[in-house]
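> Sequence:
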Amino acid sequence: MDSTGSRLGISLGIIALAAPIVALGLFIGTFAVPVTSAAHSNPLAGLSLYTNPDSTANGAAAAAATADPDSAEAATLARMAEQPAAIWLLPEKYPMDTVQADVAAIVDAAVATGQTPVFVIYGIPDRDCGNFSAGGLSETDYPTWVASIATALTLTPSVVILEPDALSLATECGNVDQRVQQIQQGISTFAPTLATVYLDAGHSDWLDPATAADLLNRAGVQNVRGFATNVSNYNDSAAEQAFGEAVSALTNGAHFIVDTSRNGRGGNGEWCNPTGRALGTTPEATTDGGLRDANLWVKEPGESDGTCNNGPAAGEWWNERALELAAAAGW
Numbered sequence: 006m007d008s009t010g011s012r013l014g015i016s017l018g019i020i021a022l023a024a025p026i027v028a029l030g031l032f033i034g035t036f037a038v039p040v041t042s043a044a045h046s047n048p049l050a051g052l053s054l055y056t057n058p059d060s061t062a063n064g065a066a067a068a069a070a071t072a073d074p075d076s077a078e079a080a081t082l083a084r085m086a087e088q089p090a091a092i093w094l095l096p097e098k099y100p101m102d103t104v105q106a107d108v109a110a111i112v113d114a115a116v117a118t119g120q121t122p123v124f125v126i127y128g129i130p131d132r133d134c135g136n137f138s139a140g141g142l143s144e145t146d147y148p149t150w151v152a153s154i155a156t157a158l159t160l161t162p163s164v165v166i167l168e169p170d171a172l173s174l175a176t177e178c179g180n181v182d183q184r185v186q187q188i189q190q191g192i193s194t195f196a197p198t199l200a201t202v203y204l205d206a207g208h209s210d211w212l213d214p215a216t217a218a219d220l221l222n223r224a225g226v227q228n229v230r231g232f233a234t235n236v237s238n239y240n241d242s243a244a245e246q247a248f249g250e251a252v253s254a255l256t257n258g259a260h261f262i263v264d265t266s267r268n269g270r271g272g273n274g275e276w277c278n279p280t281g282r283a284l285g286t287t288p289e290a291t292t293d294g295g296l297r298d299a300n301l302w303v304k305e306p307g308e309s310d311g312t313c314n315n316g317p318a319a320g321e322w323w324n325e326r327a328l329e330l331a332a333a334a335g336w
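If you count by my numbering, then the sequence shown holds residues 6 to 336, one letter each, in order.
Everything labelled a hint here was simulated from the structure, so no lab data went into it. Hints may be right or wrong, so weigh each one.
DEER-style ranges, computed between Cβ atoms [stated by the list, open to error]:
| no. | residue 1 | residue 2 | range |
| --- | --- | --- | --- |
| 1 | Thr71 | Arg223 | 28 to 36 Å |
| 2 | Glu250 | Gln189 | 18 to 26 Å |
| 3 | Glu97 | Ala72 | 22 to 30 Å |
| 4 | Phe137 | Gly271 | 33 to 41 Å |
Source: prediction; values computed, not measured. No residue lacks a Cβ here, since even glycine has one placed at the ideal position from N, Cα and C.
Let the sequences and hints guide you as you build the complete structure.
Right, dumping it as structure tokens:
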């Protein structure tokens with residue numbers, strides 16, 4: 006406990022020194038020289054990704070171990086909790102007045118274990134276009150909140166997935182120009198940091214590659230590592246590989262990551278708590294030198310997509326479904 010506090014104090018001291026760098030990045034980010042992603046080796050290669058002890062999976066595993074430590078359920082949930090999954094930063098959980106310190110504490114904990122955290126930024130105004138994950142910040146507060154996160158990530162490597170669904174949903178919600186501008190601003194904010202950033206590109210059953218690539222190019226994918234596909238979805242890896250390669254060909258060779266948390270059996274056309282699905286490939290960087298940098302568990306697989314198919318609210322742990330996913334994957 007005391008060591009965590011001291012690490013937090015050190016990080017906050019570094020952050021105070023780094024804040025002007027972030028402010029400068031906000032000013033010059035728009036004018037940054039584009040970087041061709043294909044010219045760089047995989048930045049995720051060799052990384053040990055952070056396993057969050059405060060994850061919903063870890064909480065479920067602890068509860069099962071307490072109730073019946075020798076049960077198959079406890080063993081399965083413990084194995085699931087051991088997999089590194091992304092930490093979703095929502096303003097409802099990480100509000101403006103604490104988000105910088107909260108993220109700094111997570112980074113410090115990851116550094117102490119020799120691991121690299123993966124974050125999802127998910128607080129854009131009118132988030133999810135009013136659907137199951139509705140929420141987010143105001144137009145005024147959102148840039149400040151993102152800047153606070155970036156400040157905490159200035160001097161420590163991390164992976165950042167920027168605003169799932171924001172660009173893809175914009176085509177349905179009629180706010181493409183607004184979303185493009187917001188993502189551009191986010192890119193500029195993270196530019197001075199050591200974060201490896203991926204924009205969200207939807208998935209293979211949503212937009213066609215040309216439409217997805219156009220949105221990514223307009224948003225500035227050339228100024229980050231690349232894009233993410235299949236976030237919180239179920240499409241199989243072969244479909245996402247083909248989609249990723251097609252989008253990459255239209256975005257100057259941008260690299261990508263695939264969310265494999267629940268795609269072990271592929272999708273069935275449903276996106277919200279479909280039955281009969283399975284856990285996918287566990288998180289790891291690729292080693293083939295290709296366009297896909299990694300398979301990641303962006304979505305914690307036991308968390309509900311929303312109040313559909315008898316699920317709890319979006320983001321809440323659903324023990325029954327978690328165990329079904331594991332069983333279907335042969336765990």
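> Hint by hint, which ones does the structure fall short of?
Violated: hints 1, 4.
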